[in-house]
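> Residue-level listing of the chains:
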Amino acid sequence: MNRKTMKKPKRILCYTDLAKYSSYLVKYAYELSKIIDAELFVLHNVTDIGGAAGFYVPHINIEKLEDEVIQAARDKVYAICHQAVGDSIDAAHRLVIRGGLIETLDKVIKDKKIELVVLPHNGDKGILSWLRGDYAERFMREAAIPFVVLPMDAS
Amino acid sequence: MTESKKILIVDDSDELTHVISDFLSMFGYHVHTARDGVDALKFMESETMDVVISDIHMPRMDGYTLMTEIKTRYPETPIVLITGFSVSEAKKLAFEKGADAFVAKPFHLKDLKGVIDSIFSH
Numbered sequence: 001m002n003r004k005t006m007k008k009p010k011r012i013l014c015y016t017d018l019a020k021y022s023s024y025l026v027k028y029a030y031e032l033s034k035i036i037d038a039e040l041f042v043l044h045n046v047t048d049i050g051g052a053a054g055f056y057v058p059h060i061n062i063e064k065l066e067d068e069v070i071q072a073a074r075d076k077v078y079a080i081c082h083q084a085v086g087d088s089i090d091a092a093h094r095l096v097i098r099g100g101l102i103e104t105l106d107k108v109i110k111d112k113k114i115e116l117v118v119l120p121h122n123g124d125k126g127i128l129s130w131l132r133g134d135y136a137e138r139f140m141r142e143a144a145i146p147f148v149v150l151p152m153d154a155s
Numbered sequence: 001m002t003e004s005k006k007i008l009i010v011d012d013s014d015e016l017t018h019v020i021s022d023f024l025s026m027f028g029y030h031v032h033t034a035r036d037g038v039d040a041l042k043f044m045e046s047e048t049m050d051v052v053i054s055d056i057h058m059p060r061m062d063g064y065t066l067m068t069e070i071k072t073r074y075p076e077t078p079i080v081l082i083t084g085f086s087v088s089e090a091k092k093l094a095f096e097k098g099a100d101a102f103v104a105k106p107f108h109l110k111d112l113k114g115v116i117d118s119i120f121s122h
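Respectively, the protein sequence lines represent chains P and Y. So in my numbering, the last spot in the first sequence is 155, and the numbers never skip. So in my numbering, the last spot in the second sequence is 122, and the numbers never skip.
Heads up, some of the hints might be wrong.
Said to hold, decoys possible - Capping the alpha-carbon separation at 25 Å, the derived lysine-lysine pairs in DSS-like fashion look like this: (1) Lys7(P) x Lys76(P); (2) Lys92(Y) x Lys76(P); (3) Lys42(Y) x Lys5(Y); (4) Lys113(Y) x Lys64(P); (5) Lys6(Y) x Lys20(P); (6) Lys113(Y) x Lys97(Y); (7) Lys64(P) x Lys27(P); (8) Lys20(P) x Lys92(Y); (9) Lys76(P) x Lys6(Y); (10) Lys76(P) x Lys110(Y); (11) Lys20(P) x Lys110(P); (12) Lys8(P) x Lys107(P); (13) Lys10(P) x Lys34(P); (14) Lys110(Y) x Lys42(Y); (15) Lys91(Y) x Lys64(P); (16) Lys71(Y) x Lys113(Y); (17) Lys20(P) x Lys5(Y); (18) Lys64(P) x Lys105(Y); (19) Lys76(P) x Lys5(Y); (20) Lys110(Y) x Lys92(Y); (21) Lys113(P) x Lys20(P); (22) Lys110(Y) x Lys20(P); (23) Lys34(P) x Lys76(P); (24) Lys110(Y) x Lys64(P).
Claimed, not checked - Examples of chain P residues toward chain Y, derived with CB under 7 Å: (25) Asp48; (26) Ile49; (27) His59; (28) Glu66; (29) Val69; (30) Ala92.
The set of hints was computed from the structure by calculation and includes no laboratory data. Beta carbons: idealized from backbone N, C-alpha and C, even for Gly.
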């Protein structure tokens with residue numbers, strides 16, 4: 001029997017949806033990265049509202065509000081990482097990116113040469129709620145790297 | 001705790017409801033959206049909301065009418081009205097008609113969240 005062994009990942013990506021269990025997820029990913037001596041990135045995606053730039057909403061600057069969302073997401077990711085592992089994950093490894101989720105994951109995996117992805121699964125919603133649709137199928141077909149999915153209701 | 005609080009945002013701008021929804025979701029609020037008063041009332045027939053945030057100027061049913069309907073059907077549900085038109089008169093009218101809070105456009109998301117937090121802390 002010809003068995004393939006998986007090489008040790010050098011770079012891990014942990015995706016957080018900022019839910020209440022996220023610090024457990026990050027802590028798990030961090031401990032895993034220490035065990036296998038890998039570099040860890042923590043990512044959150046802020047959904048792009050799709051071509052709204054320049055879209056006129058009376059009395060409101062949508063782009064400014066989006067910037068507020070991004071900043072709040074950065075603060076939240078920092079708080080989650082800090083709660084999980086103190087200051088062990090620096091700003092360069094905490095990523096908040098605006099865009100479509102699957103495209104963002106795809107881009108970060110390529111740009112950072114990620115070799116393992118850690119994802120949350122929280123019972124009702126799970127990853128299936130967002131890893132769904134045409135993008136998901138394409139992403140999972142093309143990703144060609146392993147995933148670890150953590151059931152967060154067990155945290 | 002904000003974990004289980006449910007918020008309904010009513011505005012005919014999908015872009016604005018999307019951004020507000022993204023922001024409040026980060027703080028544990030469970031956010032739903034509706035495009036106008038008619039959709040909002042229909043939605044509330046099946047879901048109990050902890051607070052409703054509504055624009056005043058919307059097609060089909062405006063924010064004042066929606067608020068009156070909600071206060072009649074669900075008197076315990078707090079309502080926040082938002083607008084950028086004739087702010088001082090709108091604010092006066094909003095409170096006369098029973099609004100729990102009023103937010104003028106343009107606003108910062110953190111200020112809107114502050115208003116919601118304040119409603120839940122009472």
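> For this structure, which hints from the list above don't hold up?
As far as the earlier hints go, 1, 2, 7, 8, 11, 14, 21, 25 and 30 are violated by this structure, in ascending order.
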